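Residue numbers (the numbering used here), protein chains in the order written: chain A, 250 to 505; chain B, 21 to 335.
Since the hints were made in silico from the structure, they are not lab data.
Note that the structure is a prediction, hence the values are computed from the model and not measured.
Glycine included, C-beta positions come from ideal geometry on N, C-alpha and C.
Check the hints yourself; a few may be wrong.
Said to hold, decoys possible - From the structure, some residues in chain A lie toward chain B, with a derived Cβ separation under 8 angstroms: (1) Lys294; (2) Phe302; (3) Leu478.
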Amino acid sequence: MSVKKKIENLLVTANRRLNSEYFELILQSNESLPGILPGQFAELKVDHTEHTFLRRPISFYDVNTDKSEVHLLIQEVGEGTRRLGQLEAGEFLNMIYPLGHSFTITEGTTFLLVSGGVGIAPMLLLGRKLKEAGKTPVFLFGFRSEKQWFDLSRFEALGEVFITTEDGSIGEKGLVTSHRVMNTGRFDGYYTCGPVPMMKAVSSIAASRDIFCEASLENTMACGIGACLTCAQPTVHGMKMACTDGPVFNTKELLW
Amino acid sequence: MVDMQVNIGKLVLKNPVTTASGCFGYGSEYTDFMDISRLGAVFTKAVTGENREGNPAPRMAETPSGMLNSVGLQNKGVDYFIEHIYPVLRQYDTVFIANVSGSTLDEYVEVAGKINDLSGIPAIELNISCPNVKKGGMVFGTNRQSAAEVVKAVRKVYDKTLIIKLSPNVASIPDFAKTAEGAGADAISLINTLLAMAIDAEKRKPVLATVTGGLSGPAVKPVALRMVWEAYHSVSIPVIGIGGISNATDAIEFLLAGATAIQVGTANFIDPQVSVKILEGLKEYMERHHFSSVSQITGNLEMPEGFERFRPKTF
Ligand SMILES: Cc1cc2nc3c(=O)[nH]c(=O)nc-3n(C[C@H](O)[C@H](O)[C@H](O)COP(=O)(O)OP(=O)(O)OC[C@H]3O[C@@H](n4cnc5c(N)ncnc54)[C@H](O)[C@@H]3O)c2cc1C
Ligand SMILES: Cc1cc2nc3c(=O)[nH]c(=O)nc-3n(C[C@H](O)[C@H](O)[C@H](O)COP(=O)(O)O)c2cc1C
Ligand code: FES
Numbered sequence: 250m251s252v253k254k255k256i257e258n259l260l261v262t263a264n265r266r267l268n269s270e271y272f273e274l275i276l277q278s279n280e281s282l283p284g285i286l287p288g289q290f291a292e293l294k295v296d297h298t299e300h301t302f303l304r305r306p307i308s309f310y311d312v313n314t315d316k317s318e319v320h321l322l323i324q325e326v327g328e329g330t331r332r333l334g335q336l337e338a339g340e341f342l343n344m345i346y347p348l349g350h351s352f353t354i355t356e357g358t359t360f361l362l363v364s365g366g367v368g369i370a371p372m373l374l375l376g377r378k379l380k381e382a383g384k385t386p387v388f389l390f391g392f393r394s395e396k397q398w399f400d401l402s403r404f405e406a407l408g409e410v411f412i413t414t415e416d417g418s419i420g421e422k423g424l425v426t427s428h429r430v431m432n433t434g435r436f437d438g439y440y441t442c443g444p445v446p447m448m449k450a451v452s453s454i455a456a457s458r459d460i461f462c463e464a465s466l467e468n469t470m471a472c473g474i475g476a477c478l479t480c481a482q483p484t485v486h487g488m489k490m491a492c493t494d495g496p497v498f499n500t501k502e503l504l505w
Numbered sequence: 021m022v023d024m025q026v027n028i029g030k031l032v033l034k035n036p037v038t039t040a041s042g043c044f045g046y047g048s049e050y051t052d053f054m055d056i057s058r059l060g061a062v063f064t065k066a067v068t069g070e071n072r073e074g075n076p077a078p079r080m081a082e083t084p085s086g087m088l089n090s091v092g093l094q095n096k097g098v099d100y101f102i103e104h105i106y107p108v109l110r111q112y113d114t115v116f117i118a119n120v121s122g123s124t125l126d127e128y129v130e131v132a133g134k135i136n137d138l139s140g141i142p143a144i145e146l147n148i149s150c151p152n153v154k155k156g157g158m159v160f161g162t163n164r165q166s167a168a169e170v171v172k173a174v175r176k177v178y179d180k181t182l183i184i185k186l187s188p189n190v191a192s193i194p195d196f197a198k199t200a201e202g203a204g205a206d207a208i209s210l211i212n213t214l215l216a217m218a219i220d221a222e223k224r225k226p227v228l229a230t231v232t233g234g235l236s237g238p239a240v241k242p243v244a245l246r247m248v249w250e251a252y253h254s255v256s257i258p259v260i261g262i263g264g265i266s267n268a269t270d271a272i273e274f275l276l277a278g279a280t281a282i283q284v285g286t287a288n289f290i291d292p293q294v295s296v297k298i299l300e301g302l303k304e305y306m307e308r309h310h311f312s313s314v315s316q317i318t319g320n321l322e323m324p325e326g327f328e329r330f331r332p333k334t335f
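Chain B on its own, in the form it takes in the complex (with noise of 0.2 angstroms):
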């Protein structure tokens, strides 16, 4: 038997496989192909304080090993998602995490200040990373002065576990790491989507309404590797893994790079089942490399000789 629990601020999942936010809607999507309650968490889709409609159609481009999207936090709003979602999720044995999202400081405190009050909810991930709205959003996740604002606003109404979702839209991941573990954030998860853009050369026009959007899928993998890697070796938080990861070895690097747990996005939507085969994958990985607890794999990389980036760190 292996030790899959890991712990993330106060809270505890039984294992480190978890969903990324806007790929999995509430979870009661994939019940269909999959037993949800397996996953170690599953990030909701984005909050915000009103309802949304979102960016106009197209929303979506393919691209070479990944998408781009441009939904841009379409969501009914807190009020609704406290009286019809919420109910519905407290039916699953599966521990749901809000991703919290905003155009306004305000907007942030709000909705983090409504969701505390939920029993069922243990956490947020606060989304100061989307690139697809014009106001707010990523402006909170690529300023360091605007970002220690919203996590500190939000950390004094939030008593929970605070997850801060960081943005690969910046110079230095290790600078926003830091800024957010000394606003007060318990967890960062990274990355969110890169922004990015795609033209119909047919057409001569770019393909979504919105005329950029963010990519995701295993094209940006090795970008995120690098920026998980370097986020571990700023901040002694737990940081969670994202971007790309479609099977085990993928999740395995990401903690290896010093992920504590990871999410699955985009792959949810070539193989509804992937997450599960995810989990398969790393307990059979544990076993073989004779792993007792998920933990002991995090960070655990050896380096080449003389590199001094960064000093390993200590187990």
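Okay, chain A solo, but in the shape it has when bound (with noise of 0.2 angstroms):
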């Protein structure tokens, strides 16, 4: 019953630079864009560069439906990530997409959407449609320092934002799973997508509560379609695909 899966070159009418790590991409179809869920990616095309063989999976940060454009928020982190942030406007970029399993709205009014450096990359378009649920979404975002940051005024135009960095440069000082914000019980569950041991800590926060979680993965993948059962995610259920399956999982659900 999912949405038909597109392969599509987007026009880049906009890059973005964020800060020295992060940039954001604007892409443009020239077709109205299929449904797209906070949580899907895309597996982007690199052309042009010595040695990235495999497409790149994204997340999606923002949709605009009007325009028909998809915002790609990424952090250069090797190679093909950097010749992504060389994009200029009016080069193409290839991509497969809408993939991957969404975050589930789900009971209860009030959710903690708790991410790790590039990890507020799908929390954007998530607090948007908890918001237009009904729901109160707050933002807690852990960054290194002060270097990750940006402009963070359309998360606050959603929710509460709360920041902290190991630096303490700003924000509160510390990890996500130290600050004020999640020691309080106001919250339903949670939402996050970040390193992996920022990620396990926040879910045995939310198992202590017993309140629901959720956690988007990012698993290494080479087809991001479902086809080459690379992807593995171990879970009580067996192995899961990360790709078809995920990115998104109920953290009870996952032996990690």
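Since each chain comes alone in its own frame, lean on the hints to assemble the complex.
As structure tokens, then:
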């Protein structure tokens, strides 16, 4: 019952530098966009690099249906993401989308969206979806330092935003899991995306409070469409595929 | 109009462009992107006797012009295949060939026997070359006596077209090609992945949980091409060429080396429409070179004067 996947060349309409590590790509389709849900991703073809062979999976950061535009928030970590960072308006980017199983909107009213680093990417669409469903999203973002911070006004328009940095250069000093907002009982559930140790810590707090928790995983992938079985994720229900059964999983299911 | 039809054993394929086992799921993963009935055939993911969880994660490493995988035959077993997957495959106007794998001779025989009863599956590809399982798999494909035994045993219970998939992890391809032919194979396919390794220098750890895995993609193409050429000159049954094929030119090179048909594997991950593009490119090549039938390309290679290793085959 899923939306038909497409392979398409999208036009780069803007590439905005957000800080020394992150950039935001805005891409336009000349057709109307398929339905894109928070937590879903695209497989991007990276051309003109020496070593990049496979596509690169990147989550949807924002979607503008009226303009047929999608936004991606990307951190430069290697050759592929560095090349994507060099794309200029007017170039085309080939992508396969929309892929994967999205975050679920569940019972309850107030939810904490916890991310580490570029794990912030899927949280904007999710926050918006929660708001549309009449719920209250609260954001808690962990960054290494001020250097990873950028203008968060799009999040602030949706709900309260809390920040931690490892060095205390902005927000509260420390890890997201030690932030005071995590130690309140006001949330009906957590959504999390970021480094695995962080997501595990968030998941165990959820378990101790017996509340809902979903995590978006970043397993390495070859095909992104369920054909190669390389993105395996062990779960209580056996091996699952991160690209089709995930990338979003209920943390109760995960054996990680 | 060019004639694209090819014959492999009793099997008639509408064209020589097929997709490789483990790289195209059960076909349905690709229907959003292309019409899979345009393919000569789809080779399914491995089918084994029992449900297999496969290997632990991580199972994939990107390498220069290729990738390593250590999936390890993950599938739900032959009974599940017959009950749940086969009925879905029957809905497509596509030839499906089951890739049969096992850890023991009995397991190969059991799976092949059960699939023999399925009227909609006209052929099997016996995978005696998987580098990603501890027991069996490649053991059968790298020892001539075991290879002969398993092919003979399966031949007894399987009367449709039997294709044997050879391992590249051997010293002599001609020896194994001849062994398969002698034991009753209708065709051979090669290559499966090359046993390989990737290391993360920063972490000082192997990338794959299984430490070693199988290399595929353009990186293996020249090796595969040489092996297909050797196999073609060693046997008189059809050879199916596999290994790094990513465009029509690659496919044509394999046909010239002696392949009757080709399989597209890893390239599907980068471009899910690549197999139909290869088909189009092949037709264009045939028109440009005035070939009326695709079989005229197979082995049609002009050798340097005085080259004596293989005598040219006559058509
Ligand atoms: C479903 C999914 C959604 C993602 N969404 C985003 C996103 O919205 N924004 C974003 O910036 N990144 C995202 N990622 C991660 C992104 O895909 C990788 O950072 C990217 O593939 C790295 O490519 P590269 O060529 O730049 O780096 P490479 O040269 O391939 O690797 C450079 C370094 O990054 C590490 N790395 C590579 N791939 C991953 C990965 N999948 N996860 C964690 N570390 C990795 C490698 O171990 C290596 O140390 C997502 C990953 C997945 C699976
Ligand atoms: C992810 C993956 C899974 C594979 N699974 C199987 C399998 O189940 N059975 C098999 O015979 N070969 C399997 N193979 C091998 C391919 O069918 C093919 O022989 C090999 O990848 C070389 O071709 P390529 O370079 O075009 O991919 C697999 C390859 C890959 C990359
Ligand atoms: S990436 Fe191929 S199955 Fe998930």
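Right, here's what the structure says about each hint:
For lysine 294 of chain A, the interface hint holds, since its Cβ comes within 8 angstroms of a Cβ in chain B; the closest pair sits about 7 angstroms apart. The closest approach between the C-beta of phenylalanine 302 of chain A and any C-beta of chain B is roughly 6 angstroms, which is under the 8 angstroms cut-off, so the hint is satisfied. The interface hint given for leucine 478 of chain A is met, as the beta carbon of that residue sits about 5 angstroms from the closest beta carbon of chain B, less than 8 angstroms.
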